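Chemist: With the hints as constraints, model all of the structure from the sequences given.
Chains as they are written, first to last, in this note's numbering: chain A, 160 to 477; chain B, 25 to 552.
Keep in mind that the hints were calculated from the coordinates and are not lab data. If you're wondering where the values come from, they're calculated on a predicted model, not measured in any experiment. No false leads were slipped in.
Reference listing, derived: stretches of chain A covered by chain B, where coverage requires no fewer than 3 residues with Cβ under 8 Å from a Cβ of chain B: (1) 187 to 194; (2) 209 to 215; (3) 235 to 245; (4) 322 to 333; (5) 420 to 428.
Below, a sample of chain A positions facing chain B; criterion: calculated Cβ distance under 8 Å: (6) L201; (7) G202; (8) Q203; (9) L431; (10) D434; (11) S435.
We treat Cβ as the ideally placed atom computed from N, Cα and C, and that holds for glycine.
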Amino acid sequence: MDKLLLTVAKRVGLGLITLWIISLLIFLAVEMLPGDIATEILGQMATPETVASIREKLGLEQPLHVRYWDWMLGIFQGDFGQSLATDRDVMDMLDSRLVNTLYLAGFAAAVSVPLALALGITAALYRNSVVDRAVSMFTLSAISMPEFFIAYVLILFVAVQLGWVPSMSKVEVGMPFWERLHMTLLPALALTFVTCAHMMRMTRAALINLLSSSYIEMARLKGLGAWQVIIHHALPNAWAPIVNVIAMNLAYLITGVVVVEIVFVYPGLGQLMVDSVSKRDLPVVQAASLIFAATYILFNLVADVIAIVSNPKLLHPK
Amino acid sequence: MKEVKCSAVKAGITRRSFLGMGGALGVAATSAGSLVLPAFASETATPARGGHFRLGLSRGSTSDTLNPAHFADVFMQSLGFAIHNYLTEIDEEGQLKGELAESWEPSKDAKQWVFQLREGVTFHDGRSLTSEDVVASFNHHRGDDSTSAAKGMVDPIESITTDGPHKVVFTLKEGNADFAYITSDYHLAILPSNEGKIDPASGIGCGGFKLKSFEPGVEAVVERNPDYWKSDRAWFDSVSFLSITDEAARTNALRTGQIDAMDRVDLKTVNLLEMDPDIQVNTVESDQIYYFPMNVQAKPFDDNNVRLALKHAVDREDMVERVLKGYGRVANDHPIGGSYRYFADLPQRQYDPDKARHYLKKAGYDSLNLDLSTSDAVFTGAVDAAVLYKEHAADAGININVIREPADGYWENVWMKRPWCMSYSSPRGTADWFFSQYFAGDASWNDTNWNNDRFNHLLNEARSELDEERRAQMYAEMQSLIHEQGGRVSPMFSSYVSAANRKVGHGRIGTNRDMDGNRIAERWWFKG
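Modeler: Rendered as structure tokens:
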């Protein structure tokens, strides 16, 4: 167990260093984009004088490293700074958006993870049968369609023609749970379509791989049923790769859903990030991208820990 | 003041009636075969009070702010007109009228303007409107450290002083007979003054609605101001402004009844929307112009023959038909359209490849290879328009290489930087306003680098000229100078196309800006 803790601690340390490198890269990348907040705020109305005044007011005249240093100092004091465009506290801006994003991701995951696992196990069990092919065909065609297309098709049939759910997922703070569920049904469904295939395929592949190994053969010879073999013998050893894919998909549900957010007018983090990048609102971009990066790092870590716990052999590489 | 105002009405009346007819015909033509009525058929409907109006708008962003100096696009402009009042207003008919200003009077040389404020107007926080508030509100945009997008507009003001609690005196650096129009600009909202300064982020104004909540990029909610001084405006109990950037999402929200009205209908599918009996599509002819600015100081555009060749090499009708799907009309290489007071109806330039070739030859070319930078950031379909132009111009021996630039940063990196690109501009209240911003030799947004002595001279003269007839002549000459020598190929004016459900009523829709001059919240109502 000590070894596990040590591994986790090491990984957290590495994660922090990764975060720092990412913050540096994002800072430089936004800096290299043409224009800055001053020209973006004023748009076609920009004149050299007003642009200069805005830059001066926001301290953009200072050299890059000074601004980065100031920003880093703020972070260590728990202050993510103010939005350059709106003057609002970045943390306040992110607050409700993050909750919305996590909620939608949670909803989508609650549907898609069990569904993908069930489909994957079924497919592995009846491999090369009609069921297997149908499941594969369905999930693969869902994933090969662009997200916005799936979203529009869902809206057209479920919202516009049948009128079961609203086309616009306008959630508000303090909305009752069931109402929120109803409001976000379509985006969650769209995300399920998008993420299911990866997880299902991985589950199927990992299980099929194991099903040919000798200890499974042994279990079968002992007369265990097909489901029992899968659940009790194959699955525990297949977790490592499956959990990894699940982790990647969960991270994607939080960081990559901007298209779905736009189509369903969902006030999540993605839209905030896109708007802030296009306005060159650096403090907001930085904070949002750190959240995204941290999400990936965290999910990876959790996936690894789960994999190790389920198969301690991984702690002792040969 | 009387003189200026009266003659404005005289000059405008025929044009307006003409435009009105044009609008009606346009709508009837585009909606033929469906049940859609002309845009202002409900003009006779009597307004009713009450209801919660939900408006879906295209251009909201998480970086929007309540600071009127940085109002950027239709979302904040419409919200601004809901919570704020301005000194003057462009009404539905395109005429200038007083809002917070009851009357105004220029001096003989149009250098000094005295505005008489309406009495008994209160801000949302209960304070009364005084001349101090107007001074502070204008000063917010002035001065060396101003960050306001309206700075260029208020720069010609030398000083603003008060003369009693309800009189404001503007002294201009040079005479400007159109100054009162400038004060209707959406940036120049009147906010309450605290010791000479306004709090730009307060959202407190004296408009028809009070700000209740504002989440940038998501939604703004306003509630009716019970003390509003206009009794025949602000009919709704409350209004939600929803930011819906995706066209399809906006359309779906309207069709499923989640919003009551939306801006910027997708022109590719508008015919389908018109088939929905619950929806009214409102088409308003406007003088919003789409154009191709050339840098006339760069080769080969420094030769006017090349400019003329390019102006003859575009098929305007085809472009209106294919890019705007008929929701617009041809323009004539100058930006002043029919809604302007001094619109000069010059002979329409036609698509004529032979003539284009002729001018090309005169400039010493047999054929010409040109780069044209564009992006859909300019308007939806801008890239299509450029490609269409390439097809048209090929017949005249002009090879246009269309370069698709990233939408992000277009105005910073392409516009006014590349020798030839695309742009658009919204109508301004007056020709002088437009010319001073885009065509004067020293204008900040002189995107063609055009510096014509005769034009500059006329522009300066006409600005302080109070004799209507001479003024009209001068503006006509300026328009023909732009038409003949200017650096813009201006093929089309686009209409504003919006949609609403049938429960919503409205009068004639203003043409000066999108969504009824951005005043939809104040002017529209639910049918009883």
